[in-house]
Amino acid sequence: MVQHEQTQIESLPFEPSAEEIKKQKLYRDMGITEEEYTKICGFMERLPNWTEIGIYSVMWSEHCSYKNSKPLLKKFPTSGEHVLQGPGEGAGVIDIGDGQAVVFKIESHNHPSAVEPFQGAATGVGGIIRDVFSMGARPVALLNSLRFGRLESSRVRYLFEQVVAGIAHYGNCMGIPTVGGEVMFDDTYEGNPLVNAMCVGVLKHEELQKGIATGVGNPLIYVGASTGRDGIHGATFASEELNESSEEKRPAVQVGDPFMEKLLLEACLEMVEKEILLGIQDMGAAGLTCSSAEMAAKGNMGLDLDLDRVPQRETGMSPYEIMLSESQERMLVVVEQGREHEVHAICEKWGLQSAVVGQVTEGNRYRISYQGERVADIPVSTLVDDAPVYQRSQKIPDAYHEMQKFDAEADLKDLDPQTWLPRVIASVNMGSKRFVYQQYDHMVRTSTAVRPGSDAAVIVIRDTEKALAMTTDGNSRYVFLDPEQGGRIAVAESARNVVCAGAQPLGITDCLNFGSPEKEEVYWQLAKAIDGMATACRELETPVVGGNVSLYNETKGAPIYPTPVVGMVGLIQKREHITTQAFKADGDEIVLLGETLAELGGSELQLLASGNISGMPPHLDMEKEKAVQQLTLHLIQAGFVRSAHDVAEGGLALALAESCISGGVGAHICMETKLSTTTTLFSESQSRIVITIAKEQMEEVKSIADQYGVPCQAIGKVSDDAYLNIEVNQADVYRFSIQELSRLNEEAIPCAMNQSLTTMN
Amino acid sequence: MRFAVPIFPGSNCDIDCIKAVEDVLGEPVSPVWHQESDLSGYDAVILPGGFSYGDYLRSGALAQFSPIMKGVVKAAQEGKLVIGICNGFQMLLEMGLLPGAMLQNDHLKFRCDIQELTVSLNETPFTSLYEQNESIRIPIAHGQGNYFCDDKTRQELEEHDQIVFRYQGENPNGSTAAIAGICNRERNVLGMMPHPERAIVEWMGSVDGVRLFQSMLKHGEENHGAA
Numbered sequence: 003m004v005q006h007e008q009t010q011i012e013s014l015p016f017e018p019s020a021e022e023i024k025k026q027k028l029y030r031d032m033g034i035t036e037e038e039y040t041k042i043c044g045f046m047e048r049l050p051n052w053t054e055i056g057i058y059s060v061m062w063s064e065h066c067s068y069k070n071s072k073p074l075l076k077k078f079p080t081s082g083e084h085v086l087q088g089p090g091e092g093a094g095v096i097d098i099g100d101g102q103a104v105v106f107k108i109e110s111h112n113h114p115s116a117v118e119p120f121q122g123a124a125t126g127v128g129g130i131i132r133d134v135f136s137m138g139a140r141p142v143a144l145l146n147s148l149r150f151g152r153l154e155s156s157r158v159r160y161l162f163e164q165v166v167a168g169i170a171h172y173g174n175c176m177g178i179p180t181v182g183g184e185v186m187f188d189d190t191y192e193g194n195p196l197v198n199a200m201c202v203g204v205l206k207h208e209e210l211q212k213g214i215a216t217g218v219g220n221p222l223i224y225v226g227a228s229t230g231r232d233g234i235h236g237a238t239f240a241s242e243e244l245n246e247s248s249e250e251k252r253p254a255v256q257v258g259d260p261f262m263e264k265l266l267l268e269a270c271l272e273m274v275e276k277e278i279l280l281g282i283q284d285m286g287a288a289g290l291t292c293s294s295a296e297m298a299a300k301g302n303m304g305l306d307l308d309l310d311r312v313p314q315r316e317t318g319m320s321p322y323e324i325m326l327s328e329s330q331e332r333m334l335v336v337v338e339q340g341r342e343h344e345v346h347a348i349c350e351k352w353g354l355q356s357a358v359v360g361q362v363t364e365g366n367r368y369r370i371s372y373q374g375e376r377v378a379d380i381p382v383s384t385l386v387d388d389a390p391v392y393q394r395s396q397k398i399p400d401a402y403h404e405m406q407k408f409d410a411e412a413d414l415k416d417l418d419p420q421t422w423l424p425r426v427i428a429s430v431n432m433g434s435k436r437f438v439y440q441q442y443d444h445m446v447r448t449s450t451a452v453r454p455g456s457d458a459a460v461i462v463i464r465d466t467e468k469a470l471a472m473t474t475d476g477n478s479r480y481v482f483l484d485p486e487q488g489g490r491i492a493v494a495e496s497a498r499n500v501v502c503a504g505a506q507p508l509g510i511t512d513c514l515n516f517g518s519p520e521k522e523e524v525y526w527q528l529a530k531a532i533d534g535m536a537t538a539c540r541e542l543e544t545p546v547v548g549g550n551v552s553l554y555n556e557t558k559g560a561p562i563y564p565t566p567v568v569g570m571v572g573l574i575q576k577r578e579h580i581t582t583q584a585f586k587a588d589g590d591e592i593v594l595l596g597e598t599l600a601e602l603g604g605s606e607l608q609l610l611a612s613g614n615i616s617g618m619p620p621h622l623d624m625e626k627e628k629a630v631q632q633l634t635l636h637l638i639q640a641g642f643v644r645s646a647h648d649v650a651e652g653g654l655a656l657a658l659a660e661s662c663i664s665g666g667v668g669a670h671i672c673m674e675t676k677l678s679t680t681t682t683l684f685s686e687s688q689s690r691i692v693i694t695i696a697k698e699q700m701e702e703v704k705s706i707a708d709q710y711g712v713p714c715q716a717i718g719k720v721s722d723d724a725y726l727n728i729e730v731n732q733a734d735v736y737r738f739s740i741q742e743l744s745r746l747n748e749e750a751i752p753c754a755m756n757q758s759l760t761t762m763n
Numbered sequence: 107m108r109f110a111v112p113i114f115p116g117s118n119c120d121i122d123c124i125k126a127v128e129d130v131l132g133e134p135v136s137p138v139w140h141q142e143s144d145l146s147g148y149d150a151v152i153l154p155g156g157f158s159y160g161d162y163l164r165s166g167a168l169a170q171f172s173p174i175m176k177g178v179v180k181a182a183q184e185g186k187l188v189i190g191i192c193n194g195f196q197m198l199l200e201m202g203l204l205p206g207a208m209l210q211n212d213h214l215k216f217r218c219d220i221q222e223l224t225v226s227l228n229e230t231p232f233t234s235l236y237e238q239n240e241s242i243r244i245p246i247a248h249g250q251g252n253y254f255c256d257d258k259t260r261q262e263l264e265e266h267d268q269i270v271f272r273y274q275g276e277n278p279n280g281s282t283a284a285i286a287g288i289c290n291r292e293r294n295v296l297g298m299m300p301h302p303e304r305a306i307v308e309w310m311g312s313v314d315g316v317r318l319f320q321s322m323l324k325h326g327e328e329n330h331g332a333a
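These protein sequences, in sequence, are chains A and B. Numbering-wise, the first sequence is residues 3 to 763 according to the numbering used here. Numbering-wise, the second sequence is residues 107 to 333 according to the numbering used here.
Hints in this document: simulated from the structure, not taken from any laboratory. Please read all numbers here as calculations on a predicted model, not as lab measurements. Backbone N, C-alpha and C fix where the C-beta goes; we use that ideal spot for every residue, glycine too. Be careful, since some hints might not be right.
To give an idea of the interface, some chain A residues facing chain B are shown, with a C-beta separation under 8 Å as derived from the structure [to be verified]:
1. Ala170
2. Asn174
3. Gly177
4. Phe261
5. Leu265
6. Trp352
7. Gln441
8. Tyr442
9. His444
10. Met445
11. Arg447
12. Thr448
13. Ala451
14. Arg453
15. Arg577
Let the hints inform the model, and build the full structure from the sequences given.
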């Protein structure tokens, strides 16, 4: 590389000078350490000015650079036979045959949602949709994964209500069905709710786009909403802990305009269809800075940006503000020189503005001009490829081994199921999520074959026999008790869910929500959880094709439960394989696949009965897991299965009750066990699935199960008498009215949301 | 029978309506951009659901000024079939082709569900293949579906037999007289909040929307011969 003297480019008169930034260590307010500052000065061979240090600060934030998590993320398997695009672009892409591919990604919007829940959640949805259509895909479904504190707190009720409303606002207006997700409530999320949004899209292989800038002289075109002063430093805000002054960061939260995004979506897909684009990237976190720098870095090119041409909705914006704004609904595209007018014409049709704001250049300089003056000049690779990477130190938390010694079963095995099943089913975590999903339009686009409320949602692909099953999953209690087991379970359970819908799991996207990586215990949790997830992904052949890391989820110094959320997509070959959890016909045989062990650590029963969790979480044996999934899929594809339901939180008792409620029928259960009745019913042992089959096929199913080495036990029959009767060891008999269980289940969240107005707090 | 589906910026059920006509009837159906104003080449118009122009003002309030609405009004005057579904219903109200107005759902939340309806009037070109007072299940998905009209208008609607669909059981939005859909006195213009295009195949959860489209075709064929 040719070394040449870099001439100083000063800050603008109203900004701190490069010298002041250095002397007063102003970079620290932007989240840059002294060590990092020194490194930057070295890269630039001079002192960075205000705009330049701002650009580095967002590009080197955890949110954009993954500087704390990169060494760990390398452990994920990211390739596979069908992977067309792994991590590194807007979203991952997996081949589904017939020249089509599925595109999906999950992303967090936790910190914005903590201070401005409606817009925070809405723009989280907007951002993930852009990630998917910037790949050239038509978004076909949305999912989400939400965590809140307990609903006894009025602040939490406000956050929950507004987050759901924000997601509904954006997704409904866009006309993309929100088909699935999960919501859990726990003290650990009191001040730091989690809002993870996932989008799934479909494209034809030849439509696949990349976020890349190529071809010297080619124009960089800005499309969409104008740039304002909203969301400045959002990426930095997302990379620090929440505290009392976080409320002051409310202006760092962007305001979403789903109508604008709908226009942007249609315009971009029209550009894809007309094959105009060389590169396209969403202006998401760190806005214009991140999108343009990443595009240039990927193309090994330089870039000249002219900020005077950037559409602005406020006057007097400084280059620093323009570059760091996170205004929503904006896209950056690169086309061949001379084709600018084609982009302009499409934008005009959709009522969008577009402007050429830069040019691809030879070399690797990232140069910015403002009012005719050069205001920044940075070697582009140092923003992206040379971002720092930290190997943090790890430490097992002091209480960890002590906690694991606790015998959860001894504590719980004698509880009365007659009392506890109604309590479990009426808890807000196990309760019906109808309150949430009926606010989401989950049927628009008329492709939703399995609506919210079953194990996985199913979207059919028009003009084919195929369908996609999708789910989001993650039990943070297990991860807290044992990060590695918990990580495995998160992946395995999500795969099990899509298998229960009749799908072959294809791959995952993950959102890693953790506390501060600067704490050794938290970093250990992150490392172990990733180990567990990576193992499960390898074994189940579901590569990680994209995702997002959200660290610094803490309030008042306490980290949240480590919460990896897995978004899984599976492929259903034929529509007739689509399966739901609902029990179907009177007399159907109810069959439990898999083995129940005494595993109550971290269970829903433990949480409800003792108020906290301890002990060992369920153990996940990858061989058993693979076998039960393969068996279930085999049985579904061979036409044996009438319903399939994963046994998860709440154990067998809850799985049976849910299948009865969904089907509007009862069941007569009659089983033998060496465990206590309570343990049998509420154990959360993994690798178990409840299926129903025609009673005359039991022998055949059993012999197939034997071939897979999966324990297969007939445990009762579906009945039309509207009661769930459970008889264990011919002695303990319990009887529950399905209508009553259903009512308890349906009312759980609405009741918790309607606290008496006189209740304090 | 030739169907037109006007598309506004922010429409999002346009494709669903087009697919429904294709799949249920196999008749020609065309998307028509909102800046066109001539619909003379079509026999029926389906105003689709969505959030036209973002609907940040009042649902359907801006759409009424769209050039395409000239064509819609003309089609209605000529006795062609015009159906507005969800946002389309809101537009018909804003344009005055149907009486009344739409309010926010009484519980203030968006509601998406498969809803039981009563076919209160089967003597329309849209409902002739349903039984009078038949119970059907059709999906709803709206935040502003709380149909409102004054007592006088309501009386007139009842006197002239213009209430076509009513919600059964719990009213999902608080609408006057549980109204889910109404037609004009000539019965060639129908507005309804539920989405018949979302109930045409078994896996959608209901097929009760099929007969609405079939009724339209039957009317078309009876009045103009096979298209």
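Results for each hint:
Using the Cβ-Cβ criterion of 8 Å, the hint placing A:Ala170 at the interface with chain B is satisfied: the shortest such distance is roughly 5 Å. Taking 8 Å as the C-beta cut-off, the interface hint given for A:Asn174 holds, the closest approach to chain B being about 6 Å. At a threshold of 8 Å, the smallest CB-CB gap from A:Gly177 to chain B is about 2 Å, leaving the interface hint in force. Taken as an interface hint, A:Phe261 checks out: its beta carbon lies about 3 Å from the nearest beta carbon of chain B, inside 8 Å.
Look at A:Leu265: its Cβ gets to within about 6 Å of chain B, closer than 8 Å, so that hint holds up. Checking A:Trp352 against chain B by beta carbon gives a least distance of about 7 Å; that is within 8 Å, so the hint holds. For A:Gln441, the shortest C-beta to C-beta distance to chain B is roughly 5 Å, which falls under 8 Å, so the interface hint holds. Because the beta carbon of A:Tyr442 sits about 6 Å from the nearest beta carbon in chain B, less than 8 Å, this interface hint is met.
The beta carbon of A:His444 comes within 6 Å of a beta carbon in chain B, closer than 8 Å, and the hint placing it at the interface holds. Here the hint on A:Met445 is kept, as its CB sits about 5 Å from the closest CB of chain B, short of 8 Å. A distance limit of 8 Å between C-beta atoms decides the matter here; for A:Arg447 the minimum to chain B is near 6 Å, and the interface restraint holds. With 8 Å as the threshold, the beta carbon of A:Thr448 comes within range of chain B, its nearest partner Cβ sitting at about 4 Å, so the hint holds.
Evaluation of the A:Ala451 hint against chain B yields a held restraint, the C-beta minimum of about 4 Å falling below 8 Å. For the restraint placing A:Arg453 at the interface with chain B, the shortest Cβ-Cβ distance is roughly 7 Å, inside the 8 Å limit, so the hint holds. Hint status for A:Arg577: holds, given a least beta-carbon distance of 7 Å to chain B, under 8 Å.
Figure legend: structure checked against the earlier numbered hints; every hint is met.
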